[in-house]
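This is what each chain is made of:
There are 2 protein chains.
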Amino acid sequence: MFKQFAFLVLFTFSVPAAGFARQDFVTSFRLDNGMEVVVLEDHRAPIVTHMVWYKVGAADEVAGKSGIAHFLEHLMFKGTDKMAAGEFSKIVAANGGSENAFTSLDYTGYFQRVAADRLELMMEMEADRMRNLRLTEEEVLPERDVVLEERNSRTENDPGALFSEQRSALQYFNHPYGVPIIGWKHEVSALTLEDAVAFYKTYYAPNNAILVVAGDVEPWDVLALAEQYYGVLAPSDNLPPRIRPQEPPHLAPVRAEFRDARVGTPYLIRTYLAPNRKSGDQKQAAALTILAELLGGSGITSVLGKELQLEQKVALNAASFYGGVSVDPQTFGVYVVPAPGTTLAQAEAAMDASIAKFLDDGPDAEHLARIKTQIRASEIFARDDVDGYARRYGAGLTAGLTIQDIQDWPDVLQSVTAEDVVAAAKDVFVLNNSVTGWLMPLKEEASK
Amino acid sequence: MFKQFAFLVLFTFSVPAAGFARQDFVTSFRLDNGMEVVVLEDHRAPIVTHMVWYKVGAADEVAGKSGIAHFLEHLMFKGTDKMAAGEFSKIVAANGGSENAFTSLDYTGYFQRVAADRLELMMEMEADRMRNLRLTEEEVLPERDVVLEERNSRTENDPGALFSEQRSALQYFNHPYGVPIIGWKHEVSALTLEDAVAFYKTYYAPNNAILVVAGDVEPWDVLALAEQYYGVLAPSDNLPPRIRPQEPPHLAPVRAEFRDARVGTPYLIRTYLAPNRKSGDQKQAAALTILAELLGGSGITSVLGKELQLEQKVALNAASFYGGVSVDPQTFGVYVVPAPGTTLAQAEAAMDASIAKFLDDGPDAEHLARIKTQIRASEIFARDDVDGYARRYGAGLTAGLTIQDIQDWPDVLQSVTAEDVVAAAKDVFVLNNSVTGWLMPLKEEASK
Chain A
3 MFKQFAFLVL FTFSVPAAGF ARQDFVTSFR LDNGMEVVVL EDHRAPIVTH MVWYKVGAAD
63 EVAGKSGIAH FLEHLMFKGT DKMAAGEFSK IVAANGGSEN AFTSLDYTGY FQRVAADRLE
123 LMMEMEADRM RNLRLTEEEV LPERDVVLEE RNSRTENDPG ALFSEQRSAL QYFNHPYGVP
183 IIGWKHEVSA LTLEDAVAFY KTYYAPNNAI LVVAGDVEPW DVLALAEQYY GVLAPSDNLP
243 PRIRPQEPPH LAPVRAEFRD ARVGTPYLIR TYLAPNRKSG DQKQAAALTI LAELLGGSGI
303 TSVLGKELQL EQKVALNAAS FYGGVSVDPQ TFGVYVVPAP GTTLAQAEAA MDASIAKFLD
363 DGPDAEHLAR IKTQIRASEI FARDDVDGYA RRYGAGLTAG LTIQDIQDWP DVLQSVTAED
423 VVAAAKDVFV LNNSVTGWLM PLKEEASK
Chain B
3 MFKQFAFLVL FTFSVPAAGF ARQDFVTSFR LDNGMEVVVL EDHRAPIVTH MVWYKVGAAD
63 EVAGKSGIAH FLEHLMFKGT DKMAAGEFSK IVAANGGSEN AFTSLDYTGY FQRVAADRLE
123 LMMEMEADRM RNLRLTEEEV LPERDVVLEE RNSRTENDPG ALFSEQRSAL QYFNHPYGVP
183 IIGWKHEVSA LTLEDAVAFY KTYYAPNNAI LVVAGDVEPW DVLALAEQYY GVLAPSDNLP
243 PRIRPQEPPH LAPVRAEFRD ARVGTPYLIR TYLAPNRKSG DQKQAAALTI LAELLGGSGI
303 TSVLGKELQL EQKVALNAAS FYGGVSVDPQ TFGVYVVPAP GTTLAQAEAA MDASIAKFLD
363 DGPDAEHLAR IKTQIRASEI FARDDVDGYA RRYGAGLTAG LTIQDIQDWP DVLQSVTAED
423 VVAAAKDVFV LNNSVTGWLM PLKEEASK
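In order, the protein sequences belong to chains A and B. In this text, residue positions in the first sequence follow the numbering used here: the first is 3, and each later residue adds one. In this text, residue positions in the second sequence follow the numbering used here: the first is 3, and each later residue adds one.
Incorrect hints may appear among the rest.
Given that identical chains are not distinguished, each listed pair holds provided it fits within a single copy or across any two copies.
What the hints assert, rightly or not - No more than 27 Å apart at the CA atoms, straight line, and that leaves these computed lysine-lysine pairs for DSS-like: (1) LYS359 <-> LYS285; (2) LYS428 <-> LYS280; (3) LYS359 <-> LYS92; (4) LYS359 <-> LYS445; (5) LYS187 <-> LYS280; (6) LYS92 <-> LYS203; (7) LYS445 <-> LYS428; (8) LYS285 <-> LYS445.
Simulated from the structure, these hints should not be mistaken for lab results.
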């Protein structure tokens with residue numbers, strides 16, 4: 003059992019060999035066993051968010067074992083030598099905390115939000131399950147059924163989710179981003195205890211983890227605790243380099259028509275392969291981020307919204323989307339829901355015409371200025387959301403960005419010009435790199 | 003150096019523990035180290051074909067290392083402790099022989115055709131390079147350039163080949179059959195000596211190999227030589243099970259339009275995922291084999307040929323194709339070259355109408371009977387081609403079929419009924435499992 007109450011702050015540590023860096027209100031350290039520690043101070047309330055981010059996600063799975071990263075996320079709530087299955091969550095709740103865990107393509111993260119004086123307890127428990135998880139067949143197989151049921155409710159029962167899986171599979175010929183995070187059903191069904199243990203032993207280790215602590219804490223106190231609990235853990239000795247298969251050239255526009263009786267509102271989505279934010283080189287990703295806002299970012303004030311919804315009235319909704327935080331290139335997407343009486347073909351033609359016009363004319367100067375002002379304002383408000391801010395660091399660092407990159411990002415966004423946006427758009431809007439999908443009820447028109 | 007002349011036949015061996023089987027004119031053995039030996043007797047001429055088939059092909063490569071199986075095929079002509087680089091081929095030629103080697107999705111094969119009294123020499127050399135290949139950086143890197151140039155001339159310079167690669171990548175979401183045998187260019191460029199050596203040590207071993215000797219030989223003589231040369235080789239101790247990632251459900255018809263300035267004649271190809279021949283269960287594959295003949299097998303006498311070329315005159319050519327011999331399911335394909343003045347869309351509509359009519363009406367009884375008679379005749383003539391017959395065994399056995407399956411195949415084909423053909427066609431012609439590709443010059447019509 004763990005101590006469930008206040009901890010003594012240890013002031014008697016020495017500065018670790020790897021040194022530390024303090025920028026703005028962010029302080030970072032690296033423990034001797036390779037674990038990174040990032041502290042984000044926010045003293046407005048006596049609350050702390052404790053997060054451990056593993057640099058492993060669904061895109062690190064070997065072929066044929068899809069879903070193992072997410073499955074292991076579930077299994078992390080089973081027991082250790084010190085803790086029974088389910089006890090972790092009970093203790094968090096008993097201490098008035100909330101918790102969360104999630105698996106992405108590039109990372110797996112475990113979060114607890116507790117009163118600041120419960121930080122040590124969270125670290126003790128999280129460090130314990132980082133290397134000492136004990137899994138048995140009796141726990142693993144029923145949990146696999148839980149995951150299959152999760153897939154059933156989230157994916158199999160949602161035509162939009164199935165459609166998205168099919169489009170991703172078509173978008174990536176070679177890169178594992180084409181495989182769903184939750185895993186293909188037939189592969190999840192075959193995952194074993196041995197698969198989970200092997201994946202855990204390889205990837206769950208301090209040299210593959212980033213600790214992010216955000217809230218009412220002092221960096222040196224956090225470091226002391228991190229040394230005490232995480233610093234004693236053995237690193238993984240078989241951590242593979244994070245090199246994924248990359249895409250070959252895409253030489254033909256791809257189209258898929260997904261029909262499902264459950265579809266109420268047809269829509270179309272086109273995604274193009276697009277570069278991600280790279281450490282020290284975030285300019286193009288910043289231009290794409292602004293492009294997504296300009297084209298389809300905020301309802302009817304965006305280019306697609308204004309032209310397709312407001313003026314031509316061919317769309318009920320139109321949007322564009324771009325992430326940018328990932329280890330490898332992902333996609334830029336555009337999305338249109340045709341208005342009643344407009345076919346998907348007509349809506350797609352209108353979308354293409356809008357995009358072509360945008361590429362010719364470039365962004366409206368006032369519109370671009372407004373977007374940049376909105377971004378500047380949202381950056382200021384972002385700090386009010388401590389958890390969100392901490393997630394920004396965890397996601398960025400696990401994707402290979404540095405603290406500097408993350409802190410530079412708002413300025414990089416502000417430096418984007420109209421020419422940058424058009425150049426980035428022309429670079430990315432290459433039809434050969436695209437997948438255009440139509441989601442339709444069973445009797446909807448065909449594209450040809 | 004090797005002895006280059008006649009060998010002594012050793013009659014002093016004992017029957018191996020695993021026993022042997024003799025069926026028809028095919029005799030098979032298994033050596034103690036796991037190597038299979040198959041002897042096909044043909045005493046019409048004093049010639050022998052010596053083949054070693056490895057149960058490894060491009061579909062056994064790990065993600066990111068595409069092309070390594072084919073690259074290693076090239077490197078197998080480098081040296082061993084006993085033989086200098088290039089010497090293998092020189093000796094074959096000096097002995098009046100011819101040779102060949104090739105890499106497929108499921109196997110890699112090495113063949114020599116020589117006078118029957120040179121068999122021992124071939125075995126000695128082939129056994130030597132099975133386990134004793136010596137590779138150096140100086141040999142490997144220039145050979146990689148040779149392979150890249152091969153890719154350049156065969157693939158990059160051929161729009162049809164590039165089109166085929168793109169279609170395969172779209173056809174398989176998960177299975178490695180979507181990766182080209184020669185490898186993606188960017189991955190071949192990065193293959194190393196270490197990659198080649200690791201692949202070689204794992205897969206090139208008697209327990210992963212099948213020896214096929216066809217021609218003017220006696221089975222017991224072949225066995226004696228096989229024991230002497232191959233029987234002494236150590237098996238691989240890290241041979242992985244041959245389990246590849248399988249396809250998830252395909253839920254949407256996929257289309258790709260490939261445009262290339264070098265295309266002279268546009269055409270369309272549609273492939274559907276289709277079952278392969280399975281050991282003891284070849285009925286559906288036999289029906290698909292007959293279906294391919296009926297639909298588009300022999301020019302204008304086939305359904306597509308007669309209707310699209312002769313009657314409607316919308317096609318210059320129409321064909322269908324199906325293989326069936328593979329470890330995992332592959333595809334059934336249909337292909338139409340539109341006549342001048344006919345668009346790809348019109349040709350595709352005509353093809354779809356022909357197929358729909360065929361599914362309704364079933365095959366013409368006389369046509370089916372004629373196809374089966376042709377197959378029966380071709381089976382008789384097939385034995386005249388000793389090499390082709392031997393390849394049939396090598397390819398079948400490396401795909402997981404048994405000698406019995408291979409010998410049963412002609413009868414299974416003859417047992418196919420009209421109902422079997424229609425049932426197999428209905429099972430396979432599911433549009434959601436298909437990829438339809440249009441190959442076009444740059445200015446050809448679009449599909450929408």
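How the hints compare with the structure:
For a Cα distance limit of 27 Å, the shortest separation of LYS359 from LYS285 inside one copy, 23 Å, qualifies, whereas the shortest one across copies, 57 Å, does not. Proximity of LYS428 and LYS280 under a CA criterion of 27 Å is satisfied intra-copy only: 19 Å inside one chain copy versus 49 Å between copies. Taking the shortest alpha-carbon separations for LYS359 and LYS92, neither the intra-copy value of 57 Å nor the inter-copy value of 65 Å comes in at or below 27 Å. Taking identical chains as interchangeable, the C-alpha atoms of LYS359 and LYS445 lie at most 27 Å apart only when they sit on different chains, with a minimum of 22 Å there against 33 Å within one chain.
In this assembly of identical chains, the alpha carbons of LYS187 and LYS280 lie at most 27 Å apart only when taken from different copies (24 Å versus 33 Å within one copy). Proximity of LYS92 to LYS203 under the C-alpha cut-off of 27 Å is restricted to the intra-copy arrangement: shortest distance 25 Å within a copy versus 51 Å between copies. For the identical chains of this complex, LYS445 and LYS428 are inter-copy neighbours only, at 21 Å across copies versus 36 Å inside a copy, given an alpha-carbon limit of 27 Å. Taking identical chains as interchangeable, the C-alpha atoms of LYS285 and LYS445 are never at most 27 Å apart, the minima being 44 Å within one chain and 35 Å between chains.
Hint violations for this structure: numbers 3 and 8, all remaining hints satisfied.
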